Amino acid sequence: MDISLDGWNIVSADEAEWMPWAGSAGEARAKMLGAADGYTVVLVEAKPDYRGSEHEHAYAEFNYVIDGTVRNQGQEMKAGDGYAAAAGSTHADFATDSGATYLVIFKI
21 MDISLDGWNI VSADEAEWMP WAGSAGEARA KMLGAADGYT VVLVEAKPDY RGSEHEHAYA
81 EFNYVIDGTV RNQGQEMKAG DGYAAAAGST HADFATDSGA TYLVIFKI
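All the letters of the sequence shown, read from the start, carry residue numbers 21 to 128 under the working numbering.
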């Protein structure tokens, strides 16, 4: 069987390097797990008391909580929860008191 990888960006999490993840307070780090057509898949580990910066989404954004809890737009989210934010929406509230690991997909 001839399997093509044209158009694919497959990244081994074990080989991806951690980099700082921006926020308005607290610490977080991230690994880029793939990118295509301007979208990026990122694994984020946020320490307790991490707070995201307020911003407007120019494109849709998707999130899946793997571990821990986050507060997103006033809603408590736990492992297994996710969100989809439409282009033009404003992200005014994103924080974790306990620390969290989550996957976020966005376009810059």
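Think of the hints as simulated: they come from the structure by calculation, not from any bench. Bear in mind that the values here come from a model prediction, so they are computed numbers and not experimental data. Any given hint might turn out to be false.
Unchecked claim - Derived Cβ-Cβ restraints for the label pairs, each shown as a range: (1) Ser24 <-> Pro68: 19 to 29 angstroms; (2) Asp117 <-> Pro40: 18 to 28 angstroms; (3) Asp26 <-> Met52: 30 to 40 angstroms; (4) Asp26 <-> Glu96: 40 to 50 angstroms; (5) Glu47 <-> Glu96: 34 to 44 angstroms.
Unchecked claim - DSS-like cross-link-like pairs, simulated, lysine-lysine; straight-line CA separation at most 27 angstroms: (6) Lys67 <-> Lys51; (7) Lys51 <-> Lys98; (8) Lys127 <-> Lys67; (9) Lys127 <-> Lys51.
Glycine included, every Cβ here is placed at the ideal spot set by N, Cα and C.
Here is what the structure says about each hint:
no.: 1; hint: Ser24 <-> Pro68: 19 to 29 angstroms; in the structure: violated, 44 angstroms
no.: 2; hint: Asp117 <-> Pro40: 18 to 28 angstroms; in the structure: holds, 21 angstroms
no.: 3; hint: Asp26 <-> Met52: 30 to 40 angstroms; in the structure: violated, 20 angstroms
no.: 4; hint: Asp26 <-> Glu96: 40 to 50 angstroms; in the structure: holds, 42 angstroms
no.: 5; hint: Glu47 <-> Glu96: 34 to 44 angstroms; in the structure: violated, 21 angstroms
no.: 6; hint: Lys67 <-> Lys51; in the structure: holds, 15 angstroms
no.: 7; hint: Lys51 <-> Lys98; in the structure: holds, 21 angstroms
no.: 8; hint: Lys127 <-> Lys67; in the structure: holds, 24 angstroms
no.: 9; hint: Lys127 <-> Lys51; in the structure: holds, 15 angstroms
Of the hints listed earlier, those the structure fails to meet are numbers 1, 3 and 5, in rising order.
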